[in-house]
Amino acid sequence: MSYESWILIVGSLAGITCGITGCFLILRKLSMLADAISHTVLLGIVLAFIVSQSMSGVYMLIGAAVVGLLTAVGVQMLHQAGIQEDASIGVVFTFLFAVGVILITVFADDVHLDVDHALMGEITFVPWDLVQWGFLPELPKAFLMLSTVLVINLVIIGLFYKELKITSFDPQMAAAIGIPVLLIHYLLMGLVSITTVASFDSVGAILVVAMLIAPGASAYLITDKLSIMLLLSALIGVAAAVIGYYLASWLDVSISGSMATINGIIFALVFLFSPTKGLLSKKISMKRLKMD
Amino acid sequence: MNDLLKMILFDANTQWVLIGTMLLGVASGVLGSIALLRKQSLIGDAVAHAALPGICIAFLLSGEKSLFVLLIGATMTGLLAAYCIQFIISSSIIKEDAAICLVLSVFFGFGIVLLTKVSQTPSGNKSGLDDFIFGQAASLVGNDVKLMAGAAAVLIFITALIFKELKVLTFDPSFAKGLGLPTGLLNFLFLSLLVAAVVVGIQAVGVILMAALLITPAIAARYWTNSLSKMIVISGIFGALSGMAGTLISTIGEGLPTGPFIVVTATALFLLSMLFAPERGLVTKWVKRMANNKQLRRNKLLQGEKRSGFHEL
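Going down the list, the protein sequences come from chains S and W. Using the working numbering, you'd call the opening residue of the first sequence number 1 and step up by one each time. Using the working numbering, you'd call the opening residue of the second sequence number 1 and step up by one each time.
If you're looking for bench data, these hints aren't it; they were derived computationally from the structure. Remember, it's a predicted structure, so these values are computed and weren't measured experimentally. No residue lacks a Cβ here, since even glycine has one placed at the ideal position from N, Cα and C. Check before you lean on any hint, since a few could be wrong.
[To be verified] Cβ-to-Cβ under 10 Å is the rule here; a few derived chain S residues that face chain W: (1) 25; (2) 26; (3) 32; (4) 82.
Isolated chain S, as found in the complex:
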């Protein structure tokens, strides 16, 4: 397969995986927690590197999932100790991220693991970073990681779709009928962590937030139905990845940055022109109401 098509495939996979997971974050008002996890994943990756002395994907996934869950637990603990939620998120993620940056500059300065890479990602190198898994031919590492995580996400969301849906919309009701709300919460946080780390190599720790939140937010402004929202969100994620890539290669700028920018532009368009909840359509229906 050609160089360009690998980048498009990896970008689209990241768009789908993030788009689907992000919908639940928006519905549960947990977006800032995703932002926090996307920062602290850096610490997980550094720790995994220091412990294992390798850049193997498996260690990175485990390290990120552990630190991601640690972030969620830490925020929950501070919140229960009486600190308002936004402040507890702010304290936890800035601290863990700061520790991650310090560890990188002290221990891992000369390896491939540099901070810029972690922040911005380098999707340009994805097609050359090949690995061999089992009987498969040599494939790009990012492609394998993203498709594995996508499968995990789809399986877990498929299995727990009803539980996720009811805990998102009505947690009290869910608790009343005996669904383990907290367990589902941590399950989702685990999914967010592994999604973040899989996308981390290609789009970077911070821009993954744009891919998590923006497609879901756009989809949320178009539909009221969860299943359609998930589908739309995945589609928007893919569209942003593809358009973003072509824009970046046309202007010769950072690919992941331009994918995030396109995500923002799509949101702005939907925000203005969405048929039901857009700013424009609301204005028009207001005017019609006045005329009557």
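Once you've looked at the hints, dock chain W against the given chain S.
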């Protein structure tokens, strides 16, 4: 070690940097505590990330790395981001957290796009705009530091001037309106002060960790008192301490970034406060509860003895 410390402390530039980060810590501690009570702390995070495209645009337009011009650019996009967030919340079903997150990541992404453009310009290669991401206080020189220190001092002064109005607005917005205070203007003023504090701090702490300087000292100070004016003073002191400690550590070690160390110091102060603050600290509360339990048990014992004594009588 002693000589090194002495050398650092008596170096004129380092002294300026120390004063700068200290004043910055005070300013962000003060504004951060008001932001915390207004539940706007994470807006500071978004503003800090959103400053990146402003810095790049200012550099591309002016073609030079004059700190003043860059900071004006940062303020523009920072304010724009703060308004985008408020606009999205007020005119759609998107909630605050999603709006903050969305604006933050999209602005930052756009900033990264511009940063790659900047590094392609002939003068951009060595512009050191990368330093804005993590902050490098130790490499600040002369006028830049004086600008930072001056701006921080002005921020503290303005906050002191409108402190009473801000206090009313924070705790009872409708009462403030009833008094005839210009609440819209005050909101705008406070948001601008917050943006200015973030922008001033970016140079030292970096765009990603600037939020910590607004949130952590304030939440630590919250453990020590229930009065806003005391909280602001304590938070300012914590901010100043973290700023100074972070700067000293990053000056001693070669090439260590300043921001992360400031954040780690601030978090250590926060943990100490959370555990050991009088009245509200977790350990203090636990000790008190134990003493109380003991007291209760003794009283019960005494009562029991009395009762049994009564019975005998």
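Quick rundown of the hints versus the structure:
The beta carbon of residue 25(S) comes within 8 Å of a beta carbon in chain W, closer than 10 Å, and the hint placing it at the interface holds. Here the hint on residue 26(S) is kept, as its CB sits about 5 Å from the closest CB of chain W, short of 10 Å. With 10 Å as the threshold, the beta carbon of residue 32(S) comes within range of chain W, its nearest partner Cβ sitting at about 5 Å, so the hint holds. Hint status for residue 82(S): holds, given a least beta-carbon distance of 8 Å to chain W, under 10 Å.
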